[in-house]
Amino acid sequence: MRLRALFTLLLAIPLLAACGSSSPSADHTLVLVTHDSWALPKKLIAQFEQESGLTLEVVANGDAGQLTNKLVLTAGDPLGDVSFGVDNTFLGRATSAGVYDGSPTAVDHSEVCVDYDKAWFAAHHLAPPTSLADLTEPRYKDLMVTEGASTSSPGMAFLLATIAYADRVKGLDYSWQTYWKALLANGLQVDDSWDQAFDVDFTQGGGHGDRPIVVSYDSDPAYAIEHGRSLIGVVPDTCFGEIEYAGVLAGAANPKGAREFVHWLLSPAVQRALPGSMYVYPVVKGTPLPGSWAKFAVQPAHVLTVPSAEIDENRDEWLQQWTSITQ
Amino acid sequence: MRRRAALAGLAVVPVAVLLVFFVVPVSGMVERGFRTDGHWDPVGVLDVLGRDYVRRAIWFTVWTSASATAISVALGLPAAYALYRLTFPGGRLLRAALLVPFVLPTVVVGVAFRELLRAGGPLGFLGLDGTPGAILAGMVFFNVAVVIRAVGAAWESLDRRPAEAAAALGAPPFRVFRTVTWPALRPAVISSASVVFLFCASAFGIVLTLGGLRYSSVETQIYLLTTDLLDLQGASALSIVQLLAVTVLLVLAARLRRVADPTAARSVARPRRPLVSDAPALAVTALLVVLVALPLATLLVGSLRVDGGWSLADYHRLASPGADDLLVVPVLQSLWISLRTALGAMALSLTLGLSISLVVTRRMGTRGERRVLAVLDGLFMLPLGVSAVTLGFGLLVTLDRAPFDFRSAPWLVAVAQALVALPLVVRTLAPVLLGIDDRQRQAAASLGAGPLRRALVVDVPVMARPLLAAAGFAFATSLGEFGATSFLARPESPTLPVVIYRLLGRPGADNYGTALAASVVLAAVTALVVLLVDRLRVPSLGAF
Chain A
1 MRLRALFTLL LAIPLLAACG SSSPSADHTL VLVTHDSWAL PKKLIAQFEQ ESGLTLEVVA
61 NGDAGQLTNK LVLTAGDPLG DVSFGVDNTF LGRATSAGVY DGSPTAVDHS EVCVDYDKAW
121 FAAHHLAPPT SLADLTEPRY KDLMVTEGAS TSSPGMAFLL ATIAYADRVK GLDYSWQTYW
181 KALLANGLQV DDSWDQAFDV DFTQGGGHGD RPIVVSYDSD PAYAIEHGRS LIGVVPDTCF
241 GEIEYAGVLA GAANPKGARE FVHWLLSPAV QRALPGSMYV YPVVKGTPLP GSWAKFAVQP
301 AHVLTVPSAE IDENRDEWLQ QWTSITQ
Chain B
1 MRRRAALAGL AVVPVAVLLV FFVVPVSGMV ERGFRTDGHW DPVGVLDVLG RDYVRRAIWF
61 TVWTSASATA ISVALGLPAA YALYRLTFPG GRLLRAALLV PFVLPTVVVG VAFRELLRAG
121 GPLGFLGLDG TPGAILAGMV FFNVAVVIRA VGAAWESLDR RPAEAAAALG APPFRVFRTV
181 TWPALRPAVI SSASVVFLFC ASAFGIVLTL GGLRYSSVET QIYLLTTDLL DLQGASALSI
241 VQLLAVTVLL VLAARLRRVA DPTAARSVAR PRRPLVSDAP ALAVTALLVV LVALPLATLL
301 VGSLRVDGGW SLADYHRLAS PGADDLLVVP VLQSLWISLR TALGAMALSL TLGLSISLVV
361 TRRMGTRGER RVLAVLDGLF MLPLGVSAVT LGFGLLVTLD RAPFDFRSAP WLVAVAQALV
421 ALPLVVRTLA PVLLGIDDRQ RQAAASLGAG PLRRALVVDV PVMARPLLAA AGFAFATSLG
481 EFGATSFLAR PESPTLPVVI YRLLGRPGAD NYGTALAASV VLAAVTALVV LLVDRLRVPS
541 LGAF
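Heads up: the protein sequence lines correspond to chains A and B, in order.
Numbering of the first sequence is given in this note's numbering, commencing with residue 1 and proceeding in unit increments.
Numbering of the second sequence is given in this note's numbering, commencing with residue 1 and proceeding in unit increments.
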């Protein structure tokens, strides 16, 4: 019997400790629900807490898709007060589920583009591709790697870019399915994630792979500088625009603080910090960019896009068709 | 009557924990899938099961997991013999090193494996990249340690004399193994094999990364349906398939595990030097070491190469919060957070696991009682076979009301990790507890020993090593756990696997190198901790 008492005690300790922790009062706490790429300089956050008198608590995990689904599943009984990180590919799902109180605000943008290794093309005396159409040319056979649309958000963005391209640019006689079949016939490799495609298979990635064309971001050239020149180039007219939103959550315990936070995200200090912390462009025009970005990052003149509501409506069908083409 | 009450008392806390943190969340998610627009709609769920891709996913899951389990047992048994019954220089180090893959995040191993296997890589000539062969290799790489440690712990304390007697009576080595050793090891082998099968069947990253998206398993389908499409109906249908399959497997394993007389004579046999006849076992062990070492060596070399030369620069960066405030805390601080969380999870899973093992291994009089124990035994294995996404989302949608508003409690990470480690602890301890002859306890009682003293003189000496093995497992599982942790961890206190994942997802050679260096540190720390746990000597062991 003594043994039992000992066990019961041992087991009860963690549970008792757990029950003891109660949440602080809602007025002074602001809970941010976001994705796991969330990052801002500590100094800025401390400044926000000081000026607003709020304590910021961050609940961050999963990617933009998981974040959206979390918000949808907890709509009306939210995990926090304010959310940052739902992007335009998921916005339709979030708004139609009544996640936000009011309409969400755009905070930053980034473009998923087809990038290429300048050094590789120079060394092989080959002109780099200049359009989506080029990528199906035999001279670029077995040179490209992308991420899967079903498992990776840049992968999904590239699929959407091809859909916008096929529908709007090429007209009715050409479908994205035909384009993808041509890409695959030309030796396109499909990886599950950005880190596999970029780190392992891309020639300029950490693992020095063997494919010089990769689906990634327009800011990547700023991260491959040698002798004052960037080794990564961006293929024009291949970019899909991603926009990230912040919004007050419906049913928030602290809606006033939440509004203050959204406002703060658009302040010059935060907008200036976005490229360095989260690898995205500020949405407020005229915000100065970090030196390497201003010099090397390539912001495309034209961006391909698909309306959020259309993405929400067709996502399932597009992914199923994409899966049956790529498998 | 009093004994039964005592057993029930031991069981009540683990069962409550399992109910709150596993049964309620998972059934909450499944229940949502059964509703379309608020109506109860079971037909919709059944329709999903008729889809062609679902059947293909089920078949793929079954055959890859079964093959990977068979290979793990085939390689793990000789290795367990060589590492736990023989003594040779470096043996202990190897034992610890073989557990390293178990803690490495799948993202890291995915990168290391693919750098080896891709066309143009060192093993590119094998043509394995993107094939089921690569998936099997990955599964064995991750899970073979489960077989080695669980079987090794049972084998190590097995009395050598019956086997020697059989040999002296003229039985050839294979016959000795079949008639004397195997019956004593069978419970541990079946136990560990069922755990490995469940790990393989719920593998997510390995299937996607190494299979190049061409193959889909039940787990990857659930992930896609839940996180991307928010098709809860489909996810529910597959979760039910998972639960049913796991239940069938557990019943089967319990049948196979059962032996006529589970008691085994146990003493601490002194390991001996290898003989010529041990060459095959040593050869298999060497093969295994190569399989495990190659991807690890890729990581190590990658972390030391900077701009074509050798450098420690990637390691220097571990102490800083990373370029551009990308990481909230320096890598080394996240290692500290990981260690703390893992210690908490280990303590929790050991206490819960030990009490469950004590309960389920009691010999019960009636059939009904035995059945209750068998169900209880299986219940605690379920977390291994259920998708981490289902559990993660389930926690969010169900634990939202007082007094169970735990959705954003910081200790949820440790509880989730403990739940993942729990089956390993139970499956390591239960076979050994079963092997204790109850008459020893009765003898001690008749000599006047109370319950505590009985446990100290009878159970503890036999349990010491398996407990250490279980502790090592629980610690390593928690340290490397990524699926549930990435769902629950808070950004100001990320564990090391979470930080590595973030670093790998960013451009720039520095981030990549730092991620590799952090992985090497994680591997080294794990090996060190396991080595220390193995080295702990329990004084009472000498008494036998």
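There may be inaccurate statements among the hints.
[Stated by the list, open to error] Quick list of the computed label-pair ranges, beta carbon to beta carbon:
no., chain 1, residue 1, chain 2, residue 2, range
1, A, Q177, B, R92, 34 to 42 Å
2, B, A297, A, H124, 25 to 33 Å
3, B, V24, A, S96, 41 to 49 Å
[To be verified] These stretches of chain A come out as covered by chain B in the derived footprint (C-beta under 8 Å, 3 or more residues):
no., region
4, 48-54
5, 73-79
6, 101-112
7, 207-214
8, 254-266
9, 314-327
[To be verified] With a Cα cut of at most 25 Å, we get these calculated SDA-like pairs of lysine to any residue:
no., chain 1, residue 1, chain 2, residue 2
10, A, K42, B, R317
11, A, K42, B, D510
12, A, K118, A, K256
13, A, K118, B, A509
14, A, K42, B, D438
15, A, K118, B, G448
16, A, K295, B, G508
17, A, K256, B, A409
18, A, K256, B, D510
19, A, K42, B, G505
20, A, K118, B, L332
Treat the hints as calculated values from the structure; they're not laboratory data.
Only a predicted model underlies this, so the values are computations on that prediction, with no experimental measurement involved.
Here a beta-carbon is modelled for each residue, glycine too, at the ideal position from N, C-alpha and C.
**Request:** Check each numbered hint against the structure and report the violated ones by number, ascending.
**Result:** Hints 1, 3, 4, 6, 8, 12, 14, 15, 18 and 20 not satisfied by this model.
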